[in-house]
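Chemist: Please arrange chain B on chain A, whose structure you already have, making use of the hints.
Here is what each chain is made of, one letter per residue.
Protein chains: 2
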Amino acid sequence: MSKLENHFETEDELAIGVDLGGSKIGIALVKKNGEIEKYIKIPTHAEQGQESTINRIKQGIYQVIEQKDLRINKISGIGIGAPGPVDYKEGVIHCAPNLPGWKEVPLANIVKDEFQIPVIMENDANVAAWGEKTFGVARGIDDMVCLAMGTGIGAGLILSGKIYHGKNNLAGEIGHIIVNKEGPRCNCGNYGCLEAYSSAAGIKNRLYSKINKLKADNQTPPFISDLDDISLVQIFKMAREGNEVVKDIVEEAIEYLGIGIATVINILNPEMIVLVGGLANEGDKLLNPLKEIIYKRAMSSHLPDLKIVFGKLGDYAGVIGAAALFWNYV
Amino acid sequence: MSKLENHFETEDELAIGVDLGGSKIGIALVKKNGEIEKYIKIPTHAEQGQESTINRIKQGIYQVIEQKDLRINKISGIGIGAPGPVDYKEGVIHCAPNLPGWKEVPLANIVKDEFQIPVIMENDANVAAWGEKTFGVARGIDDMVCLAMGTGIGAGLILSGKIYHGKNNLAGEIGHIIVNKEGPRCNCGNYGCLEAYSSAAGIKNRLYSKINKLKADNQTPPFISDLDDISLVQIFKMAREGNEVVKDIVEEAIEYLGIGIATVINILNPEMIVLVGGLANEGDKLLNPLKEIIYKRAMSSHLPDLKIVFGKLGDYAGVIGAAALFWNYV
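So the sequences go chain by chain: A and B. Under the numbering used here, the first residue of the first sequence is numbered 899, with each subsequent residue one higher. Under the numbering used here, the first residue of the second sequence is numbered 899, with each subsequent residue one higher.
Isolated chain A (complex conformation):
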């Protein structure tokens, strides 16, 4: 390759990032500086089955490429963030709670066979962490925990500058820190996991239990419309608006979240905790009480260099992080 061609490649280098979720698939063409050149969002239609979803991914990628009128050989590769444990070396999704029927799916090879360019796949929490490290709030940070909060609580761990996977690519399950051995049952089957207190699903379960208890005691439970579909953001809003029952449960959720994060800090001594997901919009209303607990509960030796911040890539963390798997990733 001539020097000129090499220069051209460096300036214009592009990668495709795919953010595969249970309800939506984000697909973007991303420049090497992290800018999104083109972005589409399509429904996953997981209920139509695995093959249908995979075809939608392929069509979405074609759509992004064609709209840019790009030749495929101008693209470094396709990065995929998948919603479940992933064998990143083999490019296989082991399973995905939000994609019924997906078991040991070699998605990376399927996509590679179609487009004949390199494909890398990672778990979505790892992808978000890598996005924040490469182009977001954690640039230059080598030891970082990127905590994704939503229905569940997961994390991507960046340790010594790299994604840390663990023996079976299952590292980062910080939602399953056991914060109270006598605590409520968690989806994992265990009791008293952080997730059972502080995730959207956990908080909802706590609310259901509390409402049932109030009813059993012949007291009037608070009115909550659409409890089944309520989001973490809505729950936090109700607590702020003075609903006492919700407020108690949210305060407990934040306390245990702070304690769980303090445990992670004591074990890993990270430089940064990045919070991503639905709660990122809460801002200081969440961050201030959370920091107060963390600063009280983590070892003082571990605090001086520590930063606790929200991610800055927002909804695009998935596609940007997936594309960024082609840059600086090892």
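Because the hints were derived from the structure by calculation, they are not lab data. Keep in mind that the hints are not guaranteed to be accurate.
Partial pick of chain A residues on the chain B-facing surface, computed with a CB cut under 10 angstroms [as the list claims (entries may be wrong)]:
1. G947
2. E949
3. I952
4. L1057
5. I1072
6. Y1154
No residue lacks a Cβ here, since even glycine has one placed at the ideal position from N, Cα and C.
Modeler: Coordinates of chain B only, in the frame set by chain A:
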């Protein structure tokens, strides 16, 4: 270098390992296959001050070298395990709870100036972990937590085949996993740390509290001779011999230890947990109930490849691990 000389060097390569403790200093000449060629153990005499202890280390090293009648240039280097947080890049001991007055001591450079060969220093928990990985029970294991139990509870983390240090070389404080937010006060100032339940110091404090409570209730507390100086091994023995008060506290200690280890497993997905320190002699009497709790409490997905074992280097883990810092260490 000729092939013959090279062969000779490989066969005979040696390093010195120094295991600096609060009461004893172990110093050994270690062969590249992990065998100890020569070992001495001398008192630290920490009460005589820092300079005195450093001189004892130097004299000990000379003693080991002279007894082997070695020229110093036959030795790859001197590895030091230090009892406190260490800046391994600069070779500085930040502080050492068991070495009064030691603050920001550049011990690696001091020893290097004396012997004019490379010196590497690491925290003692990291050194033990590295020893078990290089020559002990964890050969070939890349993701491993080496849990050192004694007065406190610390750990060396081997992640992706390397010692993981964290931002300030403080990673591995698994004694400060918060297992019960309402729990007893810990030496770190926090409440409900694992160490407050399951370390020798924590168990003793629990015993004191229990004895005082029994006295206050006009009940007869169990007779325990020399409670101040009792070791973890003695406490476990009393529990097995049927002392009910001690038994309850020890069972709680094991339960919380299992829960803390389950938390570490969920976060890091290691392949192996290695238990070292005073408890290693307990064998299956400790390991069986501990495993039962871990297998109940950790995520089932994280268990299939997991091994939970005692270290096999025993009292020599420190000197062997310190010498091994010159081999395969990065």
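Chemist: Give a verdict on every hint.
Modeler: Consistency of the hints with the structure:
| no. | hint | result |
| --- | --- | --- |
| 1 | G947 | 25 angstroms, violated |
| 2 | E949 | 26 angstroms, violated |
| 3 | I952 | 24 angstroms, violated |
| 4 | L1057 | 6 angstroms, holds |
| 5 | I1072 | 6 angstroms, holds |
| 6 | Y1154 | 8 angstroms, holds |
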